[in-house]
Amino acid sequence: MSVLVYTESDNGNFKKNALEVASYASEVAKQLGTTVTAISINANENENLGTYGVSKVLNVSNDQLKTFNAKAYAHAIIDAAKSEGAKIVIVSSSSDTKFLAPIVAAKLGAGYAPNAVAAPESSNPFTVKRTVFSNKGFAHT
Amino acid sequence: MKILVCISNVPDTTSKINFTDGDTKFDSNGVQFVINPNDEFGLTRAMWFKEKQGATVHVASVGGASAEPTIRKALAIGADEAIRVNAEATDGYFVAQQLAAVVKNGGYDIVIAGRESIDYNGGMVPGILATLLDMNFVNTCIDLQIDGTNASATREIDGGKEKIATTLPLVIGCQKGLVEESELRIPNMRGIMMARKKVLNVIEPIEAAMATQDIKFDKPAPKGAVKMVDAANVEELVNLLHNEAKVI
Numbered sequence: 125m126s127v128l129v130y131t132e133s134d135n136g137n138f139k140k141n142a143l144e145v146a147s148y149a150s151e152v153a154k155q156l157g158t159t160v161t162a163i164s165i166n167a168n169e170n171e172n173l174g175t176y177g178v179s180k181v182l183n184v185s186n187d188q189l190k191t192f193n194a195k196a197y198a199h200a201i202i203d204a205a206k207s208e209g210a211k212i213v214i215v216s217s218s219s220d221t222k223f224l225a226p227i228v229a230a231k232l233g234a235g236y237a238p239n240a241v242a243a244p245e246s247s248n249p250f251t252v253k254r255t256v257f258s259n260k261g262f263a264h265t
Numbered sequence: 004m005k006i007l008v009c010i011s012n013v014p015d016t017t018s019k020i021n022f023t024d025g026d027t028k029f030d031s032n033g034v035q036f037v038i039n040p041n042d043e044f045g046l047t048r049a050m051w052f053k054e055k056q057g058a059t060v061h062v063a064s065v066g067g068a069s070a071e072p073t074i075r076k077a078l079a080i081g082a083d084e085a086i087r088v089n090a091e092a093t094d095g096y097f098v099a100q101q102l103a104a105v106v107k108n109g110g111y112d113i114v115i116a117g118r119e120s121i122d123y124n125g126g127m128v129p130g131i132l133a134t135l136l137d138m139n140f141v142n143t144c145i146d147l148q149i150d151g152t153n154a155s156a157t158r159e160i161d162g163g164k165e166k167i168a169t170t171l172p173l174v175i176g177c178q179k180g181l182v183e184e185s186e187l188r189i190p191n192m193r194g195i196m197m198a199r200k201k202v203l204n205v206i207e208p209i210e211a212a213m214a215t216q217d218i219k220f221d222k223p224a225p226k227g228a229v230k231m232v233d234a235a236n237v238e239e240l241v242n243l244l245h246n247e248a249k250v251i
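The listed protein sequences derive, respectively, from chains A and B.
When the count follows my numbering, it moves up by one through the first sequence with no breaks and lands on 265 for the last residue.
When the count follows my numbering, it moves up by one through the second sequence with no breaks and lands on 251 for the last residue.
Simulated from the structure, these hints should not be mistaken for laboratory data.
This structure is a prediction, so every number in the text was calculated from the model and none was measured.
A few of these clues could be false.
What the hints assert, rightly or not - With a cut-off of at most 30 Å between alpha-carbon atoms, the simulated DSBU-like pairs for lysine-lysine come out as follows:
1. A:Lys211 - B:Lys179
2. B:Lys230 - A:Lys253
3. B:Lys5 - B:Lys55
4. B:Lys179 - A:Lys190
5. B:Lys55 - B:Lys230
6. B:Lys230 - A:Lys260
7. A:Lys260 - B:Lys28
8. B:Lys179 - B:Lys55
Claimed, not checked - Chain B residues, not near chain A, derived (Cβ > 10 Å throughout):
9. Trp51
10. Glu71
11. Thr143
12. Arg188
C-beta: ideal position from N, C-alpha, C; glycine also.
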């Protein structure tokens, strides 16, 4: 079982948030005593993710996925999560990932904790701190 | 065209946020509840479809009896009928399952929900709802046009906008921009009186599991006093940023 992280790219280049979530996933994996697998779509220089704690990269190269399509991207992530046996999928909070994350969660029958702001507090039950009430409070979910 | 607008009953944006029961629950004492602002943009757009294209507009909310004044406000704005699923809205996955059952029974062409509620900021209900119903889905929607069974939508993306062509049935996750703030409607006396006579069906929830649970809440630490650092003392500045503020 590894932690799966979706590393977003734009025109083949990783977005800044991709590297942030890779680092976050690395911290989560360390807590759980496992490794991080990244899924990227049409990205170049995937080997750079190793610097951020990623030990394996699944890069989907498909011309039909050159522009963002929430359903298709979600399916790629779902397939990766299943093939890797991932129990935790980490995504950024960009507009595109907030579009696809609920689809991924619903298809996997998984819980979804958006707006996480800290490393997990416990792994069983998996508990993470996130912002609520428009940043006027925090929930430990 | 039959439209369902999903309404969340949320604390007014100016509310002070406090927690109770050992910080395990939101303290609703003295808090005024309103229609979730993102939902209100959707409701206003639905009213436009009602007036210009003859749509029927229903509203649905998952919540206890305390949510009824907010639902009645939606009816006063002009919705034709309302449905309240008689259950506490504890988790987005649970809420989406309840709303999916409402949509299946109602045969709606368009489901409009705010992209997120301003209380628990889950941002998941429209997406999960669309997935459960296998309907087309556009999130962060800021423009919606319907022509027969074809829809043209614009969604906000990081640093721009994206135009999408799709078909009904469709789930929309909407936000500010779908209509202008100046177009939001305040119920008039006639609307309020008529809303009293409109149908508000209360239905019992279907059996559905929760996927997450908020076990504890807390508030951000109060802002500390401003610390002045001498312009020449870079070492002290770096020390404070690194060890106290922990931002570098």
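*Of the numbered hints stated previously, which ones are contradicted by the structure, given in increasing order?*
Violated: hints 1, 5 and 11.
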